[in-house]
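Take a look at the letters that make up each chain.
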Amino acid sequence: MKKAKIVKKKFLGTSFVELWLEENDIARLACPGQFVMISAGSTYDPFLKRPLGILSCQENYFGLLFDIVGRGTKILSQLEIGDQVDLLGPLGNGFSLNPKEALLIGGGRGLVPLYFLAQIFTSKKIPFQFFFGIRNQEEKVLIDYLSELSIPMVLSCQEQLSNYYCGTVLDAFEDWLHHHSQSKPAQKIYACGPQGMFQALSKMEDIIPNQIEVSLESRMGCGYGVCLSCAVKKKGLPGYFHVCKDGPVFRLGEIEL
Amino acid sequence: MNLQVHLGNLTLSNPVILASGTAGYGREIAPYLDLDRIGALTLKGISSTPWVGNPPPRIHETYAGIMNSIGLENKGFDRFLREDLPFLENFQTRIIANIWGKTIEEYSDIAKKMNGLERIDAIEVNVSCPNIEQGGESFSCNSQILCQLIQNLRQKIQKPLIFKLGPNTDDLDNVLLFMEKEGVDILSITNTYPALAVDVENQSFIFSRKTAGLSGPAIKPLALKLVYDVIQKTRLPIIGMGGIMKAEDALEYLLIGAQAVALGSVNLVDPSAAVQIIDGIEAYLIQKNIFGINDLIGKVREVWR
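Those protein sequence lines, which keep their order, are chains P and H.
All the letters of the first sequence, read from the start, carry residue numbers 1 to 257 under my numbering.
All the letters of the second sequence, read from the start, carry residue numbers 1 to 305 under my numbering.
Excised from the complex, chain H in its bound form (with noise of 0.2 Å):
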């Protein structure tokens, strides 16, 4: 069965990526899951320098659903380099480099970082973490600075360039109309939904920064609704993720359009669950007799078009 995608000139073997944040730099996963057997293993967001991350509590469960707070921890550039790259030479999967930065300059400086490496197949940027105060999520929110960025990081950056977005992207339909003028070659939706929790105990609010994100299968509706109203947006390819725990689920995205799904926080609690979704959607199209992925991909909007 093939399930090859193309996702403009990044070619994945399969359509099923784990997403940036919940499978760390590759080793922390690997006792669990054959990195080999999915399309693309994202790495945890990174920047130039350290970034120590927000304060505990991080995390609060919802039903169906977790909300998060992490604030984009991660131990830069240079450690990573130490640490997790010759880890990742041992495989042949896709690795997407995901980035952050708090200026339009340290954007750039590690994505250039990350473009001078041989082993990163594709540069996925973050303008969509809400839980920071610069970077993140502020540079979706204002349409001018944003595309000020996608302009900058697109003339230095030669691998495919993907941006990944969240719910509440500013002037979202300019922007993707300047993401294919500029040649950004992938998006990437969505990130968490920016949400709230209170501590009703002790008459607080759950999270220091007051909103975090809100993950799992709790958003996938909304988010499969997003991902539909942008596929109908723009001509560039998308990958789909919010809440998919299952094959269906993420056969759900790819008959809307989806080029590819990313798991992301079912990776929490089953760290093996990439495999049983690559299984199923290939039983489902031997199933449904549909010979390659790229049969089934968008085929309830043709239908239904």
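Just chain P, same shape as in the assembly (with noise of 0.2 Å):
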């Protein structure tokens, strides 16, 4: 087990938190899309540690960025800068990394992966379109993140803002791609967002689930492939993965919603 030290907080408005923490290997390991499993508290209530995806890493620190929606995150949310914790990472299978073209969607705190893997596209020089939606004017501190990337960007919100189509990411995704269905067949997608914006990305049109690559969220026990808790359901065969070990990265072709 590991232990970092939280050198950077910031609360963005009043649900978000972003944590910087020190720990070498982590920082210098983990891609696009893996996570750490990180304790809430010192005391065995809450028993279990919390996923959290990797925001970003620089130099010996990596960023975790999450929304308060429970009682773990909670506890995570009150840590102060010089507060040790005990966590296991860089976990999981990240994102590939090596797409001609790509467009990347997300949602909500679906944010995080993205981030990090706009952020090495654009290291390698990768040409990339990032969607992301927001539902509330709430959720508008998410995309500072992305306004720092000056990157190509189409932004929605589900409630009325200047500036934002006005709808799901995915319903801004498939007017663009309207508009530009011929440059289509070259690029990967890449997702992240809640269930139903995967579940309606699979029945969009003019889409191969398996030319998207998608980054679940689950409930976990242990993140390393013991307990066997996180299933999610093969498709079109019986059984089924796991997040924390056969993902949390996958191609939405494969997984049954």
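Below, computed lysine-lysine pairings styled on DSS-like, alpha-carbon distance capped at 30 Å:
#1 H:K75 x P:K234
#2 H:K75 x P:K245
#3 H:K210 x P:K235
#4 P:K245 x H:K210
#5 P:K5 x H:K246
#6 H:K246 x P:K3
#7 H:K246 x P:K245
Now the in silico label distances, taken between C-beta atoms and shown as ranges:
#8 H:N9 x P:G82: 48 to 56 Å
#9 H:N202 x P:S147: 32 to 40 Å
#10 H:N202 x P:K8: 32 to 40 Å
#11 P:S162 x H:L222: 54 to 62 Å
#12 P:M204 x H:S204: 25 to 33 Å
#13 H:A283 x P:R135: 48 to 56 Å
#14 H:D36 x P:P152: 48 to 56 Å
If you're looking for bench data, these hints aren't it; they were derived computationally from the structure.
For clarity, every value in this text was computed on a predicted model and none was experimentally measured.
Don't be surprised by glycine CBs; every beta carbon is placed ideally from N, CA and C.
Relying on the hints, combine the two individually framed chains into one complex.
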């Protein structure tokens, strides 16, 4: 088990928290799409570590970004600079990193692995377009991450906001596809967001699910493949994948959502 | 310091075992833990043929514990042979195969297969998984069927034979007598406790099978009591387990007379915990001027007899 010290902490709005931690191995080895299992507190309650996607890495540091959704993330949001946490990682299989061209589609906290991916694509000079959707004004704080990358992007919000496509990110994506259908085949799609987004994506016309890499979220027990809790059904085959070990990145066509 | 323990004809270098289903087939936990430091590794439960297990959700956190409903998902014997057994050949540590089936014939089939593998040091029979329709706990809630299974397996298995019993074994006293008579070698006590959780928001059960198995610190005092009770009823050596998180917890089980302990849920949250627990037991013996682990086992029981 590794120990990492919190070196930076930032609240974004009322529910999002960004933490930066010092841990050499994770910072050096982590790839976009991978995650860590992090202790929420030092007692046995809550009992399990929490799986959190890695936002970015710099020198000896790595970043996490999460929203407060329950007991574990609440405790994590109360960590202060200088506090030490136990963790495992980097865990799981990340995104493929060598497409010719890419489309990134994210919703809400699905930003996390895609932001890391966008950084890598930028440094590797891989051309890509980022589609990002938020549900409401509250989540606007996430957009700052993308603005700082200065990349081509399409933003959507399910509430009326100026300069945002009004609707889901997939509405925005579909609209874009209609106008750019000629450029489609060369582009690999990377997506992360709520389950409903993946379901809708797999039903879209002109989309080949096996060309889409998605990063899944799941409740986990261990994060390293022993408890088999994070089961996701295989498509067209009996049995389950395990998100922690076989994923969290899957081809959309190989899983049943 | 001598930490060696003898459970019938199974000798372990120390009393700390990894419980089935919390350490995979060794390969998964090996990056975090030197397998040669532990007393034994119990493999994830294996059946003759692969089994897909239960639909998600499979896990639910409770206060200081977890409920699981994995449903004995496993890759089956053939894939174990191909994918995992060669890795285990690299270690000296004792390997216990945990087996299950839906019928006596299925139990018998996988038991014979495991019995034929040199690398397997003992066979643990799971008759107490609460998360499956046939097999598992269904065998320990009917003492007649359980006794048939015991007899059947003992005739076929030369390796040390362990039965893993849960908290709800039917006619426990007579089953224990029967096990002694038939020559069962060791007992593993206990498995997860059958438990229930309700999703209040959606007004439904959390798990599709409604009940699931509770483990972790939440069950430790209950499991300790069960181990204590069973020790009073039998002379068979016992592997005690349930909610062990640190050396002190393991020592409680040893002090009441368990010859070994198994770590379960703790492996999920800290895969290297076993080494700290072994070191902690050793440090305790030194601090208390106890020469060897066998002078500690059952000490509380003797003093308070």
